[in-house]
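2 protein chains.
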Amino acid sequence: MIPVKNDIETACKQVWAFAHRTPVLQSTLLNDLAGCEVFFKCENLQKMGAFKMRGALNAIGNLSDAHKKAGVVTHSSGNFGQAVALAAKNLGVTAYIVMPKNAPEVKKNAVKAYDGIITECESTLAARESTSQRIKEETGATFLHPSNDIDVILGNATSGVELLQDHPDLDVLMTPVGGGGLVAGTALAAHYFGKDCKVIGGEPFNADDAYRSLQSGKIETNETTDTIADGLRTHLGDKNFPIIKELVSEIIRVEEQEIIDALQLIWERMKIVIEPSCAVPFAALLREKDRFKNKKVGIILSGGNIDVKNLPF
Amino acid sequence: MIPVKNDIETACKQVWAFAHRTPVLQSTLLNDLAGCEVFFKCENLQKMGAFKMRGALNAIGNLSDAHKKAGVVTHSSGNFGQAVALAAKNLGVTAYIVMPKNAPEVKKNAVKAYDGIITECESTLAARESTSQRIKEETGATFLHPSNDIDVILGNATSGVELLQDHPDLDVLMTPVGGGGLVAGTALAAHYFGKDCKVIGGEPFNADDAYRSLQSGKIETNETTDTIADGLRTHLGDKNFPIIKELVSEIIRVEEQEIIDALQLIWERMKIVIEPSCAVPFAALLREKDRFKNKKVGIILSGGNIDVKNLPF
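Going down the list, the protein sequences come from chains H and W. Position one of the first sequence corresponds to residue 2 (the working numbering), numbered consecutively onward. Position one of the second sequence corresponds to residue 2 (the working numbering), numbered consecutively onward.
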């Protein structure tokens, strides 16, 4: 069941009421290096610093009034917790964010700054899930999944829609692949708003579950996730995998050093702050640049939430 | 002799043919912190990473065909050398860039990448000036000054013009003050395109020549320039000082730690790479924030050329 074009248009209305229309940047030097024309869609410059704001806005915006009143709950140690807190604040909804006790203070403070109600738990997935479940039962709040939720995927699609509105003739759209919510949304955007625009994901060799899932035809998981791209350690879900299987052309895998090199290049040449996961599709493009020669390639730069005092280069 | 409005409009045509129209970014968190609405005009995202591209484009574009054929020469260890090389390349003009022998390789490589012809010299001002003079005599090239040149000032004005086109009701425009070319250009933009829009400069206490110049009414110099804001160590010139005296309301001075704090805030919250000089006006705003309460303040973020492997925070 692939969502229809109208679903995305509805999501655009929800998201555009509150999100930034992020700029699209280009660099002559990076074009020369890549041998093609690259259009960077800067979701690192989105509110709260990541595309996740879009999915959160759409998912919360689509709730019934009664569900909005009861609030939303998610568990997250990263960007999605901040996104849900800020999106909920914009929409006048209470957000319960379950975070591991050992989450960095800076992330807890960001959620608090957006008026999110934090419940701390042990740092296991089981503890996070059971705590979320308890809050859901106690408050009636709706649980939001960061990537395996159709409304989140549709919200994510709005970034690709904007990029294709600005540059309708892109040959390729690239995103990182973590939980699959961004690549699935972008694939929907390309399918309905592109002109024969392929979607290609980038993934670390060290967490290549999505690459293997496309090979095997079923959702694969990672035995180990030893990658600097900390946003890409999760695996696909039953809501986004059917979309990815149908609409994503392929996934290119990259080495850790290629991620770090691409990260540094984008910082130095584009003058923007991005997080390691965000550099993965550009690393994938550079790795296989012969195949993209003279093409027009859009890259969704997914986010910029990184500790600037602790850089990998 | 203050330039007229038409001079700026002519500069806009020259500059807009080649420069990026840089995005204007906002951050709710930084607005809350500053107690006013701040519009950041991102010249760090300009071609070659600084506003200096604008002045170079206008100065070279305004040369006669004969002068264009003979080329341009400047001496620079920083952004202006890169700007002249790239602007000249865009306009099909030869650029001779005099650089101190001990300039960082990365800066020399940037000039070379833009096809600039580098002549190395000793790292004294006298050596830089005499080398430039010799090239001028040998080649007939026109010497370009980075800040004390009316065409450069008019080119710089185009950033403020764009910001005021996007946000016509700004109460204040702020820039850093180094050689005076940016603040003078911005003051012209506010004078002709703003609605009662004040221009305020930011300057380090440790290189406060412009502050003292406005006090005394004549161009003052710095005895020492011990500031992290390495782009702001120079003093005003006879072309820009009359404009600054007439059109700049005041200059606010800031401490070194305030510059570093503002730098880190912009990196972390705005997700963009800026250089220390560029953080000075936001530091000035935060230092005196009570005076800007509920105002609309535009800040020209001047540039992003910093060694990302050697950060001050």
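It is worth saying that the hints were derived from the structure and are not from the lab. Predicted model only: the values in this text are computed from it and were never measured. Any given hint might turn out to be false.
A pair holds if it fits inside one copy or across any two, identical chains being indistinguishable in the list.
Unchecked claim - Subject to a maximum C-alpha distance of 25 Å in a straight line, what follows is the list of computed DSS-like cross-link-like pairs (lysine-lysine):
#: 1; residue 1: K199; residue 2: K137
#: 2; residue 1: K310; residue 2: K219
#: 3; residue 1: K14; residue 2: K310
#: 4; residue 1: K196; residue 2: K69
#: 5; residue 1: K90; residue 2: K297
#: 6; residue 1: K90; residue 2: K294
#: 7; residue 1: K137; residue 2: K70
#: 8; residue 1: K90; residue 2: K14
#: 9; residue 1: K6; residue 2: K240
#: 10; residue 1: K69; residue 2: K297
#: 11; residue 1: K297; residue 2: K246
#: 12; residue 1: K90; residue 2: K310
#: 13; residue 1: K113; residue 2: K14
#: 14; residue 1: K199; residue 2: K240
#: 15; residue 1: K14; residue 2: K296
#: 16; residue 1: K199; residue 2: K109
#: 17; residue 1: K246; residue 2: K109
#: 18; residue 1: K196; residue 2: K14
Structure-based check of each hint:
In this homomeric assembly, K199 and K137 never come within 25 Å of each other (Cα to Cα): the closest approach is 39 Å inside a single copy and 53 Å across copies. Taking the shortest alpha-carbon separations for K310 and K219, neither the intra-copy value of 40 Å nor the inter-copy value of 42 Å comes in at or below 25 Å. Taking the shortest Cα distances, K14 and K310 never come within 25 Å of each other, neither inside one copy (37 Å) nor across copies (41 Å). With identical chains, the CA atoms of K196 and K69 are never at most 25 Å apart, being 37 Å at best within one copy and 43 Å at best between copies.
Proximity of K90 to K297 under the C-alpha cut-off of 25 Å is restricted to the inter-copy arrangement: shortest distance 24 Å between copies versus 38 Å within a copy. With identical chains, the CA atoms of K90 and K294 are at most 25 Å apart between copies only, with a shortest distance of 24 Å across copies and 44 Å within one. Taking the shortest alpha-carbon separations for K137 and K70, only the intra-copy value of 13 Å comes in at or below 25 Å, while the best inter-copy value is 73 Å. For a Cα distance limit of 25 Å, the shortest separation of K90 from K14 inside one copy, 18 Å, qualifies, whereas the shortest one across copies, 43 Å, does not.
Only within a single protomer do K6 and K240 lie at most 25 Å apart by alpha-carbon distance; the minimum there is 17 Å, versus 58 Å between protomers. In this assembly of identical chains, the alpha carbons of K69 and K297 never lie at most 25 Å apart, being 41 Å within a copy and 34 Å across copies at closest. In this homomeric assembly, K297 and K246 come within 25 Å of each other (Cα to Cα) only inside a single copy, at 23 Å, whereas the closest approach across copies is 48 Å. With identical chains, the CA atoms of K90 and K310 are never at most 25 Å apart, being 29 Å at best within one copy and 37 Å at best between copies.
With identical chains, the CA atoms of K113 and K14 are never at most 25 Å apart, being 27 Å at best within one copy and 47 Å at best between copies. With identical chains, the CA atoms of K199 and K240 are at most 25 Å apart within one copy only, with a shortest distance of 21 Å there and 54 Å across copies. With identical chains, the CA atoms of K14 and K296 are never at most 25 Å apart, being 31 Å at best within one copy and 30 Å at best between copies. When the C-alpha separation of K199 and K109 is checked against a cutoff of 25 Å, the pair qualifies neither within a copy, at 38 Å, nor between copies, at 39 Å.
In this homomeric assembly, K246 and K109 never come within 25 Å of each other (Cα to Cα): the closest approach is 36 Å inside a single copy and 48 Å across copies. Taking identical chains as interchangeable, the C-alpha atoms of K196 and K14 lie at most 25 Å apart only when both belong to the same chain, with a minimum of 22 Å there against 34 Å between chains.
The structure fails hints 1, 2, 3, 4, 10, 12, 13, 15, 16 and 17 (numbered hints given earlier, in ascending order).
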